[in-house]
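Enquirer: So the chains spell out like this:
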Amino acid sequence: NAGVMQNPRHLVRRRGQEARLRCSPMKGHSHVYWYRQLPEEGLKFMVYLQKENIIDESGMPKERFSAEFPKEGPSILRIQQVVRGDSAAYFCASSPRDRDHYTFGSGTRLTVV
Amino acid sequence: LAKTTQPISMDSYEGQEVNITCSHNNIATNDYITWYQQFPSQGPRFIIQGYKTKVTNEVASLFIPADRKSSTLSLPRVSLSDTAVYYCLVGDGGRGFKTIFGAGTRLFVKA
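Here the protein sequences line up with chains R and S, keeping their order.
When we follow my numbering, the leftmost residue of the first sequence carries the number 1, and every step to the right adds one.
When we follow my numbering, the leftmost residue of the second sequence carries the number 1001, and every step to the right adds one.
Some clues are possibly wrong.
Think about it this way: if two alpha-carbon atoms lie no more than 27 angstroms apart in a straight line, the pair counts; the simulated DSSO-like pairs of lysine-lysine are [to be verified]: (1) 51(R) x 1110(S); (2) 1069(S) x 1052(S); (3) 1110(S) x 1052(S); (4) 62(R) x 1052(S); (5) 62(R) x 27(R); (6) 71(R) x 51(R); (7) 62(R) x 51(R); (8) 51(R) x 27(R); (9) 44(R) x 1003(S).
If we take Cβ atoms under 7 angstroms as the criterion, some of the chain S residues that face chain R in the derived model are [unchecked claim]: (10) 1040; (11) 1043; (12) 1044; (13) 1056; (14) 1060; (15) 1101.
Sample of chain S residues with no beta-carbon within 12 angstroms of chain R, all distances over it, derived [as the list claims (entries may be wrong)]: (16) 1014; (17) 1025; (18) 1054; (19) 1079.
Simulated from the structure, these hints should not be mistaken for lab results.
As the structure is a prediction and not an experimental result, all values here were calculated from the model.
Ideal Cβ placement from N, Cα and C applies to all residues, glycine included.
Could you put the whole structure together from the sequences, leaning on the hints where they help?
Expert: Written out as structure tokens, the structure is:
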């Protein structure tokens, strides 16, 4: 049973480009969470999704950021017109129910140049 | 949402027992206490979860006093590979965890 798969592991984008981060949850997990981590800091919640629904996006910036978890396929975190401040590690986690502990992926490290 | 307070860092030596205490004075009745471990360049990994008293698994023990306003993660006989950041989280699941990943405790295990 594969864990939470995130790709790419590393992503370099120029300012103004779009970044698309993918997350495939563990088999049987229908709850997905995205977190952002800056160097030497803790993880900050961004968004919580279930299949085809955004449950809580209170931690996600209102502009340029969007997330989806379609019926088929991975969850996508999309950052439009990236800026240097978007450089961070983005982690995805999944759980079978919203009251269970999470399984995290290895993250995508986004570098904006 | 209950806020947690942990020491920023701790040092230990191989073979010692390490206890990391987390304060969560505003814990709610339906909140669980969960600890994660994170190595550099990796995602956090679940260690242990509890509601009250004592929980033990193959990796660690979690001690929770009756008032549940704090908890202590106990790592027996640490090794160099236990050097990591340890996060204490309090919540009832997805909504409860959304803002509680603080800076964690950086544990350094020395030879």
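Enquirer: Determine which of the earlier numbered hints do not hold for this structure and return their numbers in increasing order.
Expert: 1, 3, 4, 5, 10, 13 and 14
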